[in-house]
Amino acid sequence: MKKLIAIGEALIDFIPSEAGKPIKDVPAFYANVGGAPANVCGAFTRLGGKSEFITQLGADPFGDKIVDEFKKYGVGSSYIKRTREANTSLAFVALKEDGNREFSFYRKPGADMLLSEKDIREEWFEDADMLHFCSVSLGDFPMKGAHRRAIELALKNNMLVSFDPNLRPQLVNDTAALKKTVLEFMPKAHIVKISDEEIEFITGKKTIEEAKDILFKGNTKIVVYTKGAKGAEVWRKNDFATTKPIKVKAIDTTGAGDGFIGSFLYKISEMGVDLKNMESCPIDILFEAITFANKFCAVSVTRRGAIASYPDRLL
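Just so we're aligned: 38 in my numbering is position 40 of the sequence shown, and the numbers increase by one with no gaps anywhere.
Where hints are given, some of them may not hold.
No more than 30 Å apart at the CA atoms, straight line, and that leaves these computed lysine-lysine pairs for DSSO-like [stated by the list, open to error]: (1) 116 to 106; (2) 1 to 48; (3) 204 to 142; (4) 142 to 116; (5) 63 to 1; (6) 22 to 63; (7) 142 to 225; (8) 225 to 247; (9) 79 to 1; (10) 245 to 225; (11) 219 to 1.
These aren't lab readings, by the way, just hints derived from the structure by calculation.
Sequences and hints are given; from them, build the entire structure.
In structure tokens, the structure reads:
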């Protein structure tokens, strides 16, 4: 069984009771466990993988809820710290009629932001296969240093590193700094997931073909390109594959992209893709992985929430 470690924010997503209204007009919210890297662990684990999540939570009921949810779905929580210095992060979400979202974050600071480099232990990385991270926790606060240390230890232990920028411009005052940070961390990853809503901001280009010189730098060998209802593509420098869209009525897209990369990582690990063969394996294997991930997402968006919406198997 392959083991995935993810690092970053775990928080409570407050999902609206009614779609089609801005946050200020929503009459009630339902609390769901979320946070992009936490969701990736959830998807990977629900399909049969093993995972551990690195974060810090507040010593509060919302932190308790996250730990309980992780236990329920088998996500490892032994690398989680608790603190009284700040509360667990919260995010209020409004859903438009098409399932897309509006966010309002309560994280100034959140407990996760205060996790530091000294909190990362080397022995955590000695028996793991993959590390996944996102950009929300790469701001100008201690968690950025924790990411640097985690990536350093992952590479030292020959782990496959995956990065999903998962941009949240609502959380930053300086979007130019956000872009600079993403471009700094992107080459550290062997696999980069990017969406059709992010590519132009990050690269200044509108297609993967045009952006290849920017995306395929440093360690990066595979780019997963998601296009929402239009399907997805997987790219290497010299070849690519496209999977067709699956038509469903989306109820809630929260965690959909996280579910995609989590299920993609699970599938390639199941099929034996690793650092040694990720450039040389048949493109058909990567096509099978994005097709699997596309089906996984098609199921998840028909249900509310993130981890709770993920299927535990696909027919």
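We went through each hint and held it up to the structure:
no.: 1; hint: 116 to 106; verdict: holds, 22 Å
no.: 2; hint: 1 to 48; verdict: holds, 5 Å
no.: 3; hint: 204 to 142; verdict: holds, 28 Å
no.: 4; hint: 142 to 116; verdict: holds, 12 Å
no.: 5; hint: 63 to 1; verdict: holds, 24 Å
no.: 6; hint: 22 to 63; verdict: holds, 25 Å
no.: 7; hint: 142 to 225; verdict: holds, 28 Å
no.: 8; hint: 225 to 247; verdict: holds, 16 Å
no.: 9; hint: 79 to 1; verdict: holds, 20 Å
no.: 10; hint: 245 to 225; verdict: holds, 13 Å
no.: 11; hint: 219 to 1; verdict: holds, 20 Å
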